[in-house]
Amino acid sequence: MNVTGSLETFGDIVVFVLSILGRLANLRVFRHFGEVLRQAGILILSSTLVIWGLVFIIGLQCGIEGAYFNRSVGAPAYAGVFAAWCDLRELVPLCFGYMMAAKVGTGIVAELGSMRISDEIDALEVMGISGVTFLCATRLLAALIVLPFVYLCAIGAGFFASYLAVVQQIGDVSSGGFFLIFWEFQNPPDLLYSLIKAMAMAIIIVLVGCYYGYNASGGPVGVGTATAKSMVFNIVAVHIVGMLGTQLFWGTNPRAPIGG
Amino acid sequence: MRFTRGKRGGDSQPARGLSTGNGSDTGAPAPGTGAWNPGAAADAATAPWNPAPAADAASPSTTPGPSQSGFDFDRPAPLTENGHGGDRRQPEAAPVPGATPVPTPRPAPPEDDFTFEHPIAEHRPARAHAGDGDGGVGPASSSRVSVVDEQGPRPEPPAGATEEEYKWHTYRVYPSGRPDAVEFIDTYRAFGKNRILRGLNMGLPEGMVSMILGPSGTGKSVCIKHMVGLLYPDQGDVLVHGHSVPNMVDDELFEMRKKFGLLFQDGALFGSMNLYDNVAFPLRQHTEKGEDEIEDIVMRRLNEVGLGHSRDKYPNELSGGMRKRAGFARALVLEPDIVLFDEPDSGLDPVRTSLLGELILEVHRDMMDEAKAAQKTHLPTFCVITHNVMMARRTADYINVLWKGRIVEAGPTEDMLNSPNPFIRQFLAGESMGPLTMD
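Each protein sequence line maps, in turn, to chains A and B.
The first sequence begins at 1375 in the numbering used here and counts up one residue at a time.
The second sequence begins at 6 in the numbering used here and counts up one residue at a time.
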């Protein structure tokens, strides 16, 4: 692996990201607020169901795993502990990141890359419109507007799935018993931290997708290569953010009613 | 489709025949509008495009000869507006050995009067018969060459190149009589080890349809990207209406780009928008016009290019020619001062190429009329990049021939068609025999 090349790429990404954030900071992106709304609409219509679907499945897994594990140690009433932590802290953010990378990130790379190789971005620039602002900053702002709600709903889907698995499917614990423990082991700050993790992932994914798409070259093969690279980068980034988030938010304080 | 272009340029211009590149063709006037009078000796002194033999100038002939090509191509040159300027690169601005050729300062912009005499006539004496009967383009007349001879010593070849590689580069610039809308000044640009522009000095005269011709890979498209600031030179400068593009900050650059309309090779329409929205896009982004007004403008442009009936179609539903025309409509919608065409004929059959050329001329003529009426500061300038010599012959007012990153020769079409340079003659005739080989 070419370390120097990787560092150069990382540096280029940082510079590019800063230019996009600059467009948000100086509010120029609001000149194209119609495009922001269009991108928000695309995100809602094309990505929410698939994200919620994946999170629902992972919620089922957390519920099933928690229920059988707690049955095996003789504490089936505590299945909600596993479900709460598994859902909120780890797997829902990760699955959200996976689907964002796979659906939204690659979609951005492919779209912008195709625009690049077909001269559409150049055409935009020649019209006196900044491509970075119109194509990248608008997508980032749309993500910032839409994705918190998408994520919060995804958490709800995960919780609902865990409830179905633990209470309705396996049935070792009553509904009231499950929720007593389930809510005992999480609180509003946990929800905020989880949201921060997920949004950090989402922002990185959108920005990386914009970078690889906007700077694609080499024809269709180049777009394919850029898409693959962005996917690799994003999957790694999702796990790094997940790890750092867990360490930062829950590493020193498990925030659980254990041991007084 | 047949466009009548006889009105363009008034009656002071000789008609341009569709030359096949040999001397006898270029020596014969094409059928014109009937107003060309090559006979009077006095006229000969002020009608430099008079291709008649010198002897004919003293012996009036009132009947222009027929076009040798058989094409009824009777468009007079478009120079009917105020030239308001001198020649680009006057002899005193000619390069000295080893030094950068320095263009003359831009002349003052036009004031308020667009009526003027043929600008070239003020700068170029009458030209003697160009053909010498040797079956090729004859030697230039002494008067024409005298302009060139005063340019000064040849510039040195670029670093790493030999004089032999640039032996066909005469660097002649026949005067256009117009100030340049776009100027390249000693511009260098490399992509890795691939050096594309190697000391390019080139100008696109205002108010003309210019062509940049040259073999593949010589940097024609790179030139366009430099003009609009999509690429920057490694060295040298690019001026648009006298302003340095590489030295512009982002805001200035985006503002400057509003002067441009650019037709990309495949139209570069936005795939997510239908035809109407594509053309309306620049208006919606840059103007405060209401939707009704936008619709009027967009439909006028779409109808101009014959796509009014396809307004709801998406780019992937259009043929290549339709995409080009739609791109043309979009490029024109903001009424830019400079319109660039990147190989508009690529992928088109000869008939549609011809029609597109006619369309370019017609739109240019209309924009000139509008510029006159509005008394705009800058006349509309069109620049076409193409390999299509036939299109260049039919469409161009001014030709730059680019090779190995430098201009071989440049000048009004008639001058270029009569150039004695074997490279120019080979390229403009599209012949296999000559200095240019597959190497």
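Derived by calculation from the structure, the hints in this document are not laboratory data.
Where hints are given, some of them may not hold.
Claimed, not checked - Calculated lysine to aspartate or glutamate pairs in the DMTMM-like style (CA-CA distance at most 20 Å, straight line):
(1) B:381 / B:348
(2) B:294 / A:1409
(3) B:381 / B:363
(4) B:381 / B:354
(5) B:263 / A:1496
(6) B:230 / A:1409
(7) B:263 / B:239
(8) B:318 / B:282
(9) B:318 / B:340
Keep in mind that this is a model prediction, so the values were computed, not measured.
20 Å limit on alpha-carbon distance, applied to hinted pair residue 318 of chain B and residue 340 of chain B: Since the Cα atoms of residue 318 of chain B and residue 340 of chain B sit roughly 24 Å apart, the hinted pair is violated (cutoff 20 Å).
Distance restraint between residue 381 of chain B and residue 363 of chain B, which requires alpha-carbon spacing of 20 Å or less: Roughly 24 Å separates the two Cα atoms, so the pair is violated.
Pairwise hint evaluation, residue 1409 of chain A against residue 294 of chain B, where the allowed Cα distance is 20 Å at most: Holds, at about 18 Å.
20 Å Cα cutoff - pair residue 381 of chain B, residue 348 of chain B: Roughly 28 Å between the alpha carbons, so the hint for residue 381 of chain B and residue 348 of chain B is violated.
Holds or violated: residue 263 of chain B to residue 239 of chain B, with C-alpha atoms at most 20 Å apart: Roughly 24 Å between the alpha carbons, so the hint for residue 263 of chain B and residue 239 of chain B is violated.
Proposed proximity, residue 354 of chain B with residue 381 of chain B (alpha carbon, max 20 Å): It is violated: about 36 Å lies between the C-alpha atoms, which goes past 20 Å.
Holds or violated: residue 318 of chain B to residue 282 of chain B, with C-alpha atoms at most 20 Å apart: Given pair residue 318 of chain B, residue 282 of chain B holds - Cα atoms ~10 Å apart, limit 20 Å.
Given pair status - residue 1496 of chain A, residue 263 of chain B, alpha carbons within 20 Å: 13 Å, holds
Proposed proximity, residue 1409 of chain A with residue 230 of chain B (alpha carbon, max 20 Å): 26 Å, violated
Going through the hint list in order, the structure does not satisfy hints 1, 3, 4, 6, 7, 9.
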